[in-house]
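Participant: In the order they appear, the protein sequences are chains A and B.
The opening position of the first sequence corresponds to residue 1 in the working numbering, with each subsequent residue numbered one higher.
The opening position of the second sequence corresponds to residue 1001 in the working numbering, with each subsequent residue numbered one higher.
To be clear, the hints were calculated from the coordinates, so they are not data collected in a lab.
The C-beta atom is built at its ideal place from N, Cα and C for all residues, glycine as well.
Just to be clear, a hint being listed does not mean it is correct.
Now the in silico label distances, taken between C-beta atoms and shown as ranges [said to hold, decoys possible]:
{"no.": "1", "chain 1": "A", "residue 1": "R117", "chain 2": "B", "residue 2": "G1047", "range": "54 to 62 Å"}
{"no.": "2", "chain 1": "A", "residue 1": "A250", "chain 2": "B", "residue 2": "A1023", "range": "52 to 60 Å"}
{"no.": "3", "chain 1": "B", "residue 1": "T1022", "chain 2": "A", "residue 2": "F118", "range": "31 to 39 Å"}
{"no.": "4", "chain 1": "B", "residue 1": "P1230", "chain 2": "A", "residue 2": "D252", "range": "58 to 66 Å"}
{"no.": "5", "chain 1": "A", "residue 1": "P126", "chain 2": "B", "residue 2": "A1023", "range": "53 to 61 Å"}
{"no.": "6", "chain 1": "A", "residue 1": "V261", "chain 2": "B", "residue 2": "E1132", "range": "14 to 22 Å"}
{"no.": "7", "chain 1": "A", "residue 1": "R101", "chain 2": "B", "residue 2": "S1140", "range": "28 to 36 Å"}
{"no.": "8", "chain 1": "B", "residue 1": "T1062", "chain 2": "A", "residue 2": "C258", "range": "39 to 47 Å"}
{"no.": "9", "chain 1": "B", "residue 1": "V1067", "chain 2": "A", "residue 2": "A260", "range": "47 to 55 Å"}
{"no.": "10", "chain 1": "A", "residue 1": "L167", "chain 2": "B", "residue 2": "E1132", "range": "21 to 29 Å"}
{"no.": "11", "chain 1": "A", "residue 1": "R182", "chain 2": "B", "residue 2": "P1228", "range": "43 to 51 Å"}
{"no.": "12", "chain 1": "A", "residue 1": "T114", "chain 2": "B", "residue 2": "F1035", "range": "33 to 41 Å"}
{"no.": "13", "chain 1": "B", "residue 1": "R1005", "chain 2": "A", "residue 2": "R182", "range": "38 to 46 Å"}
{"no.": "14", "chain 1": "A", "residue 1": "T119", "chain 2": "B", "residue 2": "K1176", "range": "54 to 62 Å"}
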Amino acid sequence: MNGLWRRRLWRALLSVGALAVLYGIASEIGSALLPRRIWMVAHYLEDVELLPPYRSLLEETVFLIQSGILPRSVLVSTARVFEGLALGAAVGVPLGLSMARAARLECLLDPWVTFFRFTPALALLPLYALWFGLGELSKILLIATAVAVVTLLGAYQGVRDVPRVYLEAAKSLGASKGLILRKIVWPAALPQIFSSLRIALGLAWVTVVVAELIKATMPSLGYLLALAGAYPRVPTIAVGIVTIGLLVLACDAVALGCYAVATRWMKRSPAHA
Amino acid sequence: MPDPRRRRLEIRDVTHVYEGKTATRALDGVSLDVFENEFLAIVGPVGSGKTTLVRIVAGFLTPSSGVVLWDGAPVAGPSPERGYVFQEEAIFPWMTVRDNLQFGLLAQGVPASEREKIVAELVTLIGLEGYERAYPKELSGGMSKMVEVARVLATDPAILLLDEPFGLLDAQTRSKMQDQLSRLWEEKRKTVILVTHDIEEAIYLADRVVVFTPRPGRVQAEVVVDLPRPRSLETRFSPAFLELKRSIWKEIGRA
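When you get a sec, could you build the whole thing from the sequences and use the hints?
Facilitator: Rendered as structure tokens:
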């Protein structure tokens, strides 16, 4: 397992390093070849770095951190992601569980789930902005909607996939419905619920950034990107994108860790050990 | 002449048809009695409805016609009184050995101290000391099957229904499990129905062997096994054992 991780780390460093070197070369050549004057909207913009070299990126990073813009934006966006995730999962998981256990509820909800499953939650943005305003509420509800649909499906499928033999074994040992739900259905469905949470977390980041891009309120990562695009300042955009990427990566690692702990009882094939 | 032994289970003219695109008649008019402390084995080819019958006795299935009476009352749904060991792996993989063993006790509201005591006894009984906190993935197939048997024994059921419990194990582990089960039974003297397609297993363990016909299942013959107990490796090679084996094979040949 240790060897496997080390190999993976090396491979990751190698691919990132190679790309970084290529970018360094491209940006040095590019700054000489690319125009620094671009035509945008209705007028010329002067002094635009389309492919900023590393020193501009470094300067920009230092500025954004020292001014407190980046840390504050990270905090605001991350908070929205987790608030939306918590709210969405709190609605989606119980609904998915009950839907799988109650045929009548399933009939009632199934068409809605099928509909929302392939409708991007972001399509609701204009509606939510009108209903809930341009502030915090509409953004968090938008994330929660996306998360709820995904986790509902995860919980539903998780319960549906519980092998019949476990339910029969529990029943013949005299377990009540409540005990079966707590000790059999829930732990057996948990791996799928966690998988869906992991997907939902990625989706939450996509949703938050786009929501902030369109209905921007300062400070947040989406707003930073929108502002940098309007200016335009490519280094700011680059720093914003890398920050979001790193945050998503970190969140995914945490989610994966939680999943591994919650499913430590599972048999695993060596490749994923 | 009335049987001096107490009759616990009465299976009366049970027929079962699995509905579907092509309806399958699994059982056809089966009648059987099982007595107190008796070890009954049901043998028959795959698809002869043996599993269907024990599933009906367990209460997982309702027969298409006929009745199953347990102590004179019709069976309605599963109950811890009729312990069931599955053909498939039914050990709960997310629970430790200890939690698996005490699940039935937990379901019946047995207090924690009492649960601990029973679990400790069972762990010793099946020789799994030191594995209490292990997850099933750390156990071999034979060990985890034994945990399933012990999990059912924990709640002290009146009858044990074993549906090809060792079907998934290799021959060596299987014979070890049979020895263990035989010892367990001699200690506990429970009423048992064992379903198997292994004729030797049936003779080695049972007091009486019922032979089923191929689909639809009917009782074709009954053979009383009067081999002395405790049984051992020697039993498997005794002339009486071989004679029983021959007579059961003959019955099957006639089907």
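Participant: Could you see if the CB distance from P126 of chain A to A1023 of chain B stays within 53 to 61 Å?
Facilitator: holds, 56 Å
Participant: That 54 to 62 Å hint for T119 of chain A and K1176 of chain B (C-beta), does it hold up?
Facilitator: For K1176 of chain B against T119 of chain A, whose Cβ atoms are near 58 Å apart, the range 54 to 62 Å holds.
Participant: CB of R101 of chain A to CB of S1140 of chain B, is that within 28 to 36 Å?
Facilitator: The hint (28 to 36 Å, Cβ to Cβ) holds, given that R101 of chain A and S1140 of chain B are roughly 34 Å apart.
Participant: Regarding R1005 of chain B and R182 of chain A, is the given constraint of 38 to 46 Å on their beta-carbon distance met?
Facilitator: Given a distance of about 42 Å, which is inside 38 to 46 Å, the answer is holds.
Participant: Hint says 31 to 39 Å; check whether the CB-CB distance for T1022 of chain B and F118 of chain A agrees.
Facilitator: Distance hint for T1022 of chain B, F118 of chain A holds at roughly 37 Å.
Participant: Assuming the hint says 14 to 22 Å, is it satisfied by the Cβ distance from V261 of chain A to E1132 of chain B or not?
Facilitator: holds, 21 Å
Participant: Just to be sure I understand the hint, the distance between the Cβ atoms of A250 of chain A and A1023 of chain B should be within 52 to 60 Å; is that true here?
Facilitator: holds, 58 Å
Participant: For the hint 39 to 47 Å, verify it against the beta carbon of T1062 of chain B and that of C258 of chain A.
Facilitator: holds, 43 Å
Participant: Using the beta carbons of R182 of chain A and P1228 of chain B, state whether their distance is inside 43 to 51 Å or not.
Facilitator: holds, 48 Å
Participant: Can you let me know if the beta-carbon spacing of T114 of chain A and F1035 of chain B is within 33 to 41 Å?
Facilitator: For F1035 of chain B against T114 of chain A, whose Cβ atoms are near 56 Å apart, the range 33 to 41 Å is violated.
Participant: Could one say that the CB atoms of V1067 of chain B and A260 of chain A fall in the range 47 to 55 Å?
Facilitator: holds, 51 Å
Participant: Does the Cβ-Cβ separation between R117 of chain A and G1047 of chain B fall within 54 to 62 Å?
Facilitator: At 41 Å between Cβs, range violated.
Consistency with the previously given hints fails for numbers 1, 12, ordered from lowest to highest.
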